[in-house]
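Protein chains: 2
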Amino acid sequence: MYSGHNHPGIPMKYKFSEMLGYMKPSEIRELLKYASMPDFISFGGGMPNPLTFPMQDLKEIVDDVLDVSGKYALQYGNTGGLPELRTEISKMVMKTEGIKSEENEIIVTSGSQQGLYELGKIFLNRSDGVIVESPTYVGAISAFNANAGKMIPVEMDSEGIISDKVEEKLKSLTGRPEFPRFIYVIPNYQNPTGHTLNLDRRKHLLELSEKYQVPIVEDNPYGELRYSGKKLPSIKSLDKTGENVIYLGTFSKVMCPGLRIGYTVAPEAVISKLNLLKQALDLSSSTFSQYVAAEYLKRGVIYRQVPKTVELYSKKRNVMLNALEEHFPKDSTWSKPDGGMFIWATLDKKINTNQMLKTSIENGVGYVSGLAFSPDGSHTSSMRLNFTFSEEEEIVRGIKKLSNTIKNVATGITAT
Amino acid sequence: MYSGHNHPGIPMKYKFSEMLGYMKPSEIRELLKYASMPDFISFGGGMPNPLTFPMQDLKEIVDDVLDVSGKYALQYGNTGGLPELRTEISKMVMKTEGIKSEENEIIVTSGSQQGLYELGKIFLNRSDGVIVESPTYVGAISAFNANAGKMIPVEMDSEGIISDKVEEKLKSLTGRPEFPRFIYVIPNYQNPTGHTLNLDRRKHLLELSEKYQVPIVEDNPYGELRYSGKKLPSIKSLDKTGENVIYLGTFSKVMCPGLRIGYTVAPEAVISKLNLLKQALDLSSSTFSQYVAAEYLKRGVIYRQVPKTVELYSKKRNVMLNALEEHFPKDSTWSKPDGGMFIWATLDKKINTNQMLKTSIENGVGYVSGLAFSPDGSHTSSMRLNFTFSEEEEIVRGIKKLSNTIKNVATGITAT
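First to last, the protein sequences are chains A and B. The numbering of the first sequence is this note's numbering, which starts it at 1 and goes up by one. The numbering of the second sequence is this note's numbering, which starts it at 1 and goes up by one.
Chain A on its own, in the form it takes in the complex (with noise of 0.2 Å):
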């Protein structure tokens, strides 16, 4: 009989499962704690800037959504989303990814984080594998940690996940039980690293995804937030056979976070199991925020905001490149992403990104140390820098301070 996990302070006739034992409280969501600090300068969070929220236009929509359709809008909606919403994603992937959809082959979630989840959730016995881009979004190894996955890690270089890499493993891992059941990849700007898949390994992964049966798990948050390259086509588009990716999106980048509006594109057979999951779950997203997204694309509101987002996000991922340039020690390095939300800097190896935290917090500055996205206690001097949510007199204000944290840690460290 399993007796469950001792926790202080927890009434003895609460026993918890085995699985909760598997998750880890994520430092970014505690870091948020400190981010209302007067003078707080946070490179941590993935937080867009409300400066994107396309705010005048949303009144205009959720006043139009109550008085046309407040008695739908208000209302239990169908759990895989309103039919309406789904016509226009299918819409969108086209136009903005050259993916081939139809309204039975996408699923609305409760931001992607849900699509992330359910993924874990309907692939996942214990021990299963999963292939994972080292480092990787928080977000997921939670997601896959939430159902006892095993993560396997391939390294990744500035053009992102090496696919011989990844090809390696799948050989080696040929007929035993941690097999992966699904490659996991950020493409474009990746979180936290910034990188981006080349062409040649996108049609490398495809090739691997069809010869070895392992389905690819394409996440793509940050697509739309190009600000200098050459746009490259998503791995779900290049797929001839339409069977071997799973695409995931999300309106947290593109319009707003708060309204929890994600979507996942696959196989009608793959989205009908992630909508008898979803059922279970939370019966459906909010009808209310799913009509609001559908206006939004409907409306065209979207293409003309994304480009007022790429401005402004350009200009503070400038600002912040050369801040680095200026402050940081010469000892580091760090990426030149082409788009997203995020800079990936890795520091003298001597020093602990991790352990340094909660010094740069003294110091009025957070982010996210490289441990959070390591997927075997990896990274640990590196460190993901959000340049999306502060004003950029802050940035540079904060990368200077930060770098000062730098020195006087990595003096203590070899002054003992």
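Simulated from the structure, these hints should not be mistaken for laboratory data. The reader is advised that the hints may include incorrect statements.
The list makes no distinction among identical chains, and a pair is therefore deemed to hold if it is satisfied within one copy or across any two copies.
Claimed, not checked - With a Cα cut of at most 27 Å, we get these calculated DSSO-like pairs of lysine-lysine:
hint, residue 1, residue 2
1, K95, K169
2, K211, K13
3, K71, K59
4, K13, K100
5, K358, K400
6, K308, K71
7, K71, K315
8, K298, K59
9, K13, K169
10, K100, K230
11, K150, K13
12, K13, K203
13, K13, K165
14, K13, K171
15, K298, K71
16, K240, K169
17, K401, K13
18, K13, K240
For chain A, the structure is supplied; the task is to place chain B on it using the hints.
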């Protein structure tokens, strides 16, 4: 090596988890498809009447939220829920149910469905027991099945779950692996039966919780919707220890379902586990919905709205009870609920309501068959009838039609 289930029409590269095998499609969700047929009368769904949505107040509230707090309401929020909303919920549950709680003893969920899923996930290992009323809420069955829990059904009568029988189960299961991790009950106007748990049994369940060290999960979606009888204290408010009861509530029936806001009140140690899991599930519930719900409470709209809802539903309940009296076959019985949204009818045991459903739908009337609410395949001659959604005239016409369907089916069975 577990090789996944065989699923017809699904590419072999998709190997689903064993957990998925525990989930079954919900008949209710399937039924929603028919709800849009012209002239179709649905007693099937558990949908509030849109006339009860506080449309004008919500319009003012959404405008004010966007004007005053737009940049926060559209942003990512705290995983455990908007602090202002938790403060308001704490006041509300004190006022309406006499439940004492601090902010850190509350989590805001994406509907109370998410609360049920979370409880299943944090407490249940495969085959761990859960004591449930028989019949019980179909969404709870989904949530516990999705975590491979083992339902332990306990008989009900018109006074709710028979607590002596709960004690028998606890006694006989003591020391066994499937000893229940918790007892799940809906004490007020239960879904699907409409029965209310009497005061002595509420107290008895609490004694059992303490004696056998098994927590109670008290689900109270309909508590405010009382049309007759005396309000009984919530089990949570009767618990002097503050530790024995986890309480679930929702805004779906006292505001509207489309914003997907529910909440769980529990000891802080349990809430922190629910928060941890929620990070993986969806990061947070809609920030916008939470701001709206907070204002709904802060402005006291809820206390003006609920009496109107009660007046409307009370009439509809009476109309349905009268129509059943007049038209239903004399060998059938049905509950006389003091509140809530449902009447539970039981027909001659020769009739299988699940098999009859297709005929009834063809005749233009939907209901949910007893089997959907059954943890063990029982209740095959029962059905759940919703009285809140249809017009009074439709209720009468629908019950007449349904009575004819039953009589025809009964004659058919007798004839063969």
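How the hints compare with the structure:
In this homomeric assembly, K95 and K169 never come within 27 Å of each other (Cα to Cα): the closest approach is 35 Å inside a single copy and 59 Å across copies. When the C-alpha separation of K211 and K13 is checked against a cutoff of 27 Å, the pair qualifies only between copies, where the shortest distance is 10 Å, while the shortest distance within a copy is 50 Å. When the C-alpha separation of K71 and K59 is checked against a cutoff of 27 Å, the pair qualifies both within a copy, at 18 Å, and between copies, at 12 Å. Taking identical chains as interchangeable, the C-alpha atoms of K13 and K100 lie at most 27 Å apart only when they sit on different chains, with a minimum of 20 Å there against 52 Å within one chain.
Within a single copy, K358 and K400 get their C-alpha atoms as close as 17 Å, which meets the 27 Å cut-off; across copies the closest is 70 Å, which misses it. When the C-alpha separation of K308 and K71 is checked against a cutoff of 27 Å, the pair qualifies only between copies, where the shortest distance is 17 Å, while the shortest distance within a copy is 34 Å. When the C-alpha separation of K71 and K315 is checked against a cutoff of 27 Å, the pair qualifies only between copies, where the shortest distance is 21 Å, while the shortest distance within a copy is 43 Å. Proximity of K298 and K59 under a CA criterion of 27 Å is satisfied in both settings, with 15 Å inside one chain copy and 22 Å between copies.
Taking the shortest alpha-carbon separations for K13 and K169, only the inter-copy value of 17 Å comes in at or below 27 Å, while the best intra-copy value is 44 Å. Taking the shortest Cα distances, K100 and K230 sit within 27 Å of each other inside one copy (22 Å), while across copies they are farther apart (58 Å). In this homomeric assembly, K150 and K13 come within 27 Å of each other (Cα to Cα) only across copies, at 18 Å, whereas the closest approach inside a single copy is 30 Å. Within a single copy, K13 and K203 get their C-alpha atoms only as close as 53 Å, which misses the 27 Å cut-off; across copies the closest is 18 Å, which meets it.
When the C-alpha separation of K13 and K165 is checked against a cutoff of 27 Å, the pair qualifies only between copies, where the shortest distance is 20 Å, while the shortest distance within a copy is 48 Å. In the homo-oligomer, the alpha carbons of K13 and K171 lie at most 27 Å apart only across protomers (16 Å), although the nearest pairing inside one protomer, at 47 Å, exceeds that limit. In this assembly of identical chains, the alpha carbons of K298 and K71 lie at most 27 Å apart whether taken from the same copy (20 Å) or from different copies (23 Å). Taking the shortest alpha-carbon separations for K240 and K169, only the intra-copy value of 24 Å comes in at or below 27 Å, while the best inter-copy value is 57 Å.
For the homomeric pair K401 and K13, neither the shortest alpha-carbon distance inside one copy (48 Å) nor that between copies (50 Å) is at most 27 Å. With identical chains, the CA atoms of K13 and K240 are at most 27 Å apart between copies only, with a shortest distance of 16 Å across copies and 54 Å within one.
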